[in-house]
Structure formats: C-alpha cells, structure tokens
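If you read the protein sequences in the order shown, they are chains A and B. The first sequence begins at 4 in the working numbering and counts up by one. The second sequence begins at 517 in the working numbering and counts up by one.
Keep in mind that the hints are not guaranteed to be accurate.
What the hints assert, rightly or not - Calculated Cβ distances over 10 Å to all of chain B for the following chain A residues:
{"#": "1", "residue": "Lys365"}
{"#": "2", "residue": "Pro368"}
{"#": "3", "residue": "Glu435"}
{"#": "4", "residue": "Phe467"}
Claimed, not checked - Chain B stretches covered by chain A per the calculated footprint, using a threshold of three residues with CB under 8 Å from any CB of chain A:
{"#": "5", "segment": "589-600"}
{"#": "6", "segment": "604-610"}
Just so you know, these hints were derived from the structure itself, not from any lab. Keep in mind it's a predicted model, so treat the numbers as computed, not measured. Backbone N, C-alpha and C fix where the C-beta goes; we use that ideal spot for every residue, glycine too.
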Amino acid sequence: MILVLPIILPLLFMVVLIFTRRWLFFQQAFSLLASIVLTFVSALILADVYQNGIMAVQPGSWEAPFGITLVADTFSALMMTTTSFVAIIVMIFSPGFIDKERQTAGYYPLVFGLLMGVNGALITGDLFNLYVWYEVMLTSSFVLIALGGSAEQLRGSIKYVTINFIASIFFVSAIGILYGQTGTLNMADLAAKMRTWEGGSYINSALMLFFIAFSVKSALVPFFFWLPASYHTPPIAITALFAGTLTKVGVYTMFRFYSLFVVFDQQFWQIFILTLAGLTMFIGVLMAASQFDIRKILSFHIISQVGYMVMGLGIFTVSGIAGAIYFTIHNMLSKTNTFLAGGLVYQRSGSYDLKYLGGLYKASPFLALLFFIPAMSLAGIPPLPGFFGKFFLIKGGFEAQQYFITAVAILTGLFTLFSMVKIWNEAYWKKEPEDVKVKNGKVHPSTFVATALLALAVILLGVFAGPVMEISMNAGEQIVNPEMYINAVLGR
Amino acid sequence: MESIILQIAARHMRPLLVVLSLIVLYRGHNEPGGGFIGGLMFGAAYILYAMAFGVEKTQKSLFFNPINLTALGLLVALLSGIPALLLGNSFMTGEWYTFFAQTAFELKLGTPLIFDVGVYFAVAGMLMLVMFSIMEE
Chain A
4 MILVLPIILP LLFMVVLIFT RRWLFFQQAF SLLASIVLTF VSALILADVY
54 QNGIMAVQPG SWEAPFGITL VADTFSALMM TTTSFVAIIV MIFSPGFIDK
104 ERQTAGYYPL VFGLLMGVNG ALITGDLFNL YVWYEVMLTS SFVLIALGGS
154 AEQLRGSIKY VTINFIASIF FVSAIGILYG QTGTLNMADL AAKMRTWEGG
204 SYINSALMLF FIAFSVKSAL VPFFFWLPAS YHTPPIAITA LFAGTLTKVG
254 VYTMFRFYSL FVVFDQQFWQ IFILTLAGLT MFIGVLMAAS QFDIRKILSF
304 HIISQVGYMV MGLGIFTVSG IAGAIYFTIH NMLSKTNTFL AGGLVYQRSG
354 SYDLKYLGGL YKASPFLALL FFIPAMSLAG IPPLPGFFGK FFLIKGGFEA
404 QQYFITAVAI LTGLFTLFSM VKIWNEAYWK KEPEDVKVKN GKVHPSTFVA
454 TALLALAVIL LGVFAGPVME ISMNAGEQIV NPEMYINAVL GR
Chain B
517 MESIILQIAA RHMRPLLVVL SLIVLYRGHN EPGGGFIGGL MFGAAYILYA
567 MAFGVEKTQK SLFFNPINLT ALGLLVALLS GIPALLLGNS FMTGEWYTFF
617 AQTAFELKLG TPLIFDVGVY FAVAGMLMLV MFSIMEE
C-alpha cells in the first residue's frame, strides 16, 4: 500500500499549503519538511522494489485489466526519489530567491501539484491515467511559469502551453486508437495483447502519435523550440525544478512505451530513434554554443542531453539502457545544479547576460567552484557523474555496434565542454566589462546552501557510481524484459 | 450592468440551483449526475448571481473563499479513500452501508459518495475562482 503514498502525500501537502498560503514562514518550513518526507517514502519504495522486484497495487480493489493499476519498477522508483530530492534542494533555494509576492501567491502548493503529477506519471500503469497525470503536470507547470505575470513570462507560458496542448491531443488520440483496437487501457494488458496481435498497422500509427507527443514533452528534435522559448522566463528556481523533472518524465515514458509496446518493426524504430537522438544531441549543443544568456545556454543543453538519454533507448541493450538511466539521474542533479548556480550569479551580479558579467572568479571563488562542479559534470570530466554517464552510454553503444551514434555522442561531449567553458570564461574568468557596471549584490545564505548541497550530491553520485550503476543495471533489465512488468501487473 | 429582470431571476434561481445541484450530486452514482456536474451547477448559481449583482457583492454573500473550497474538496476526496484502508481493503475501495434496510426509506451511502462530495466542492470552488477573476477584469 506504500505505493499510493507518492500520489496522496503531495495532494495532502498541497491542500495544507493552500489553506495556509498567506503564512510565508510556515509555507517555507512545511514545504521543506514535506519534500523530505516525500524523498524518504520514495527511497523506501526504491529499496523495496530493488530487493523484491516490481511492485503493483490495485487501488479500489478492481482487478488488473479493469482497474487503474499503480506499478513501480526500479526505474520509476529511482526517478521518483531523484525528483523529490531535487524538490528538497529547490525548497531550500526558493525562500532566498523568489520574491515574497510569488511565494505567497501559491508557489508552494503548485510545486506539490507538479510533484503529484510527476509521481503519478511515473507509477501509473494505465494509459488514460497517464494522460491525466500529464495534464496535472502541465497545469501546475503552466501556472508556475506564468506565476507573477510579467510580460515576458506570459509570452513564454503561451508558447509552452500551446505546444504542450497540441502534444496532449496527439497523446489522447493515440490512446483512442489503441483502445478502439484492443479494448484495454491497462499498459501491461495491452502489451500482452500486442504480443499475440495480428495485423499491427493501427498499432504503428498509434505508436507514432505517442512518439510525437512524448518527443514534444521531452523536447526532442524537431519539437524542441518551446523549451528555450519558455524556460528562461520564470525565476530560475522554477526553471531549475522544471529542468530536473519535466522533460525527464517524457523520456521515462518513452522508455516505458518502447519497452512494452514496440513489438512490430523494431528495426525501423531503432534506426528512427537513434537518428533523432543524434540530431537532438548535436543541434541542441550547437544552439547552446551560440547563446549569450546563461539560462538560454543551459536550456539548449537540456535538449542536447535528452538526446543522450534517448540514444540509450535506441541502443536497447541492458548496458545501454542502464547507462541512459544513470545519465538521466546525473542529469537531473547536475542540470538543476547549474541552473541554481546561474541563480547565484544573478544574485551576485544582477544579470544572466554573459556580456554584462565578468570577474566573478576573483570576486568570489566559492561561487565559481559551485558552478564549476556541475558544469564540469555536464561536460563529462572524469571523477564527476557526467563522465560515468557518458562512459556507460558510449560503452553500451560500442557493445551494440552502433558506431555512428557513439561517434556523434563523443563529438557532442566536446561541444558541451566548449559551451560550459564559454560560461566559465565569460562570467567568471574574464575581467569585469569596462563599459557596464557589474552589480555587487549579496548572495542569500539559503540559495548558497542549496547549491552547495546539490553540488555535494553531484560529487557523491560520481563517487558512488558503482552502486548507482548496479541499481541502473537492475532497472535496465526490467526495461529490456517487459515480461517482468506484464507478469507483475497481471499477477501471472 | 444593472438589469432588474436579471436581478430578480438570479435571486430566486440561486437557492433553486443549489438544491438541484445537491440532488444531482446524490443521484450521481447510478444515474446521470455526480459530483462534477453538481459542482458546475453550484458554481453556475453563484456566477448568475455575480452577473446580476457584481462580483464583490457575491463574494461577500459567500462565507468562504473559492480557493479554500477547492482545497477542502481535494481533502474530502482524499479522505474518502481512507475508510477502505481501515477495513483492510485496498486504498479507494468503495465501502457501502445500507441504512433502514428493508423499509421504504432504504438509503445506501458509501465512500464513493464522499468522493463525489469532494469533487463537487473542488469543481464548484475552481469554477467560481476562475469566473470571478475573469469577471473582475
């Protein structure tokens, strides 16, 4: 029964936070505590699933193909734990960064609404229910982007919500096609039926619609334009939370669907996904290298790194998937961390634009270090987790003899390093620009502590790459062998 | 907009719609109706009132804030899952009780009704919240 907690706890917290929305201090303390509780619960589920295999419950006592099943395997439990951990960090960061108006206007309840949507999407075993959780996620994130209502934010949020709504239309039409053909919405039941299905033409068109929907949600080429157009508009704490959670849920769902539903024409899907992954990686990083706003550079990087994760999916061997899962976890932490470090730069110097920044290394070496750690992790410098993530992925690629995509991945790594060094050079190393006066602001202690804690977590993820990789291997086996999932749900 | 016809209509329609929404809520489990549609009717009653008398006056006549009503609804819907846990069933299992069994007043009540009440509150609160903020512009 512990499996219902990741959904009902955020709902409960959200209700409490709505009732107490004017008490600023209570909101801050309660959200921090609540996200710690949530992380603890998710970690318990992870431990249970890792030891005892896939866990499934039937809320409402309706048996598997008829009711809505909740399923947790190692991948989803790992994602849940990381998401809630990112939430803890953002909850420490926010009081020192987001202005009081936004904080009392419902920021905290919305964050828990978002977490409820994310957790729901991660553990649901029902197609339509998955759609509903995506909508919960979309609604909360839409309001979070627009919260505060500055003109720039509204511009960003309109783009965000329009394209995501269109993706939802694709999503729900695909569900309709599949339901009309097979008469079931339970993902495990559907997967079992597909394995004995004759005449799969409808199934491929439905899968393509799904693929389009999730490539919008996870910002794959060619549907990534909404992300850099909207992510830089809200306060960076919100962007950091999004970077650590939203697109990764899209990637997670893609993994789940590929594992369960791609039964026909696997050859085609593999080439198709690998091509898009390569393009996503490369185009994302090229566009990042041409930007001058820290937030935009980092936003384009999200896209490029989604490409790596999807590359692991395209390889589809245990080691490839495990590498992608490790990479996803690393990315959720490191990416959030770079955004938070960008927030520190903003508090210190009053700008995100590299042209108006400089001399930060001299002014405050500690802040420079806090950016250096996650940035080098993203670039893939050895003792940090980004290196291991890419290493496992590339190793998986070589083992599966996918040489071309592996070469693209290595090349992209170089460009990533280049764009990280660009931020480093411009913001930290070069002298203060002479024609503009760089603000000499103060960094709030809470933002500093949050960023430092997350940097520590990034380092630890690198140090304990072995155990985390073992968990990822376990998750990868479950993804590559969908029978485990199907049997756990249908109780065979 | 001051329209005497609308004002009189709204004054009389509001209690009627509220009572009707409760009926729709109750019969919802086995017949057309339910918490969602009931909540919409409840919200519509107050939106009609707001169209006739203005948002400010309507909000004064409400003794609660719409957003709190929504939160309360979420809470009630959540709590409706708990009795099943106490009885040792899976979360959200429908538990039914029959009052006055075998008599003319047989009344079947259960946790799905509590859930529907939660939906009723949540929908009504959200509808009023959205409409009032649009009408205030």
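How the hints compare with the structure:
1. Lys365: Lys365 of chain A clear of chain B: closest Cβ-Cβ about 49 Å, beyond 10 Å.
2. Pro368: holds (46 Å)
3. Glu435: At roughly 45 Å from the nearest Cβ of chain B, Glu435 of chain A sits farther out than 10 Å, so the non-interface label holds.
4. Phe467: With a cut-off of 10 Å, Phe467 of chain A remains clear of chain B, as the shortest Cβ separation is near 34 Å.
5. 589-600: This one holds; 5 residues, not fewer than the three required, reach chain A with a Cβ under 8 Å.
6. 604-610: Result for this restraint: holds, n = 6.
Consistency with the previously given hints is maintained throughout, with no hint failing.
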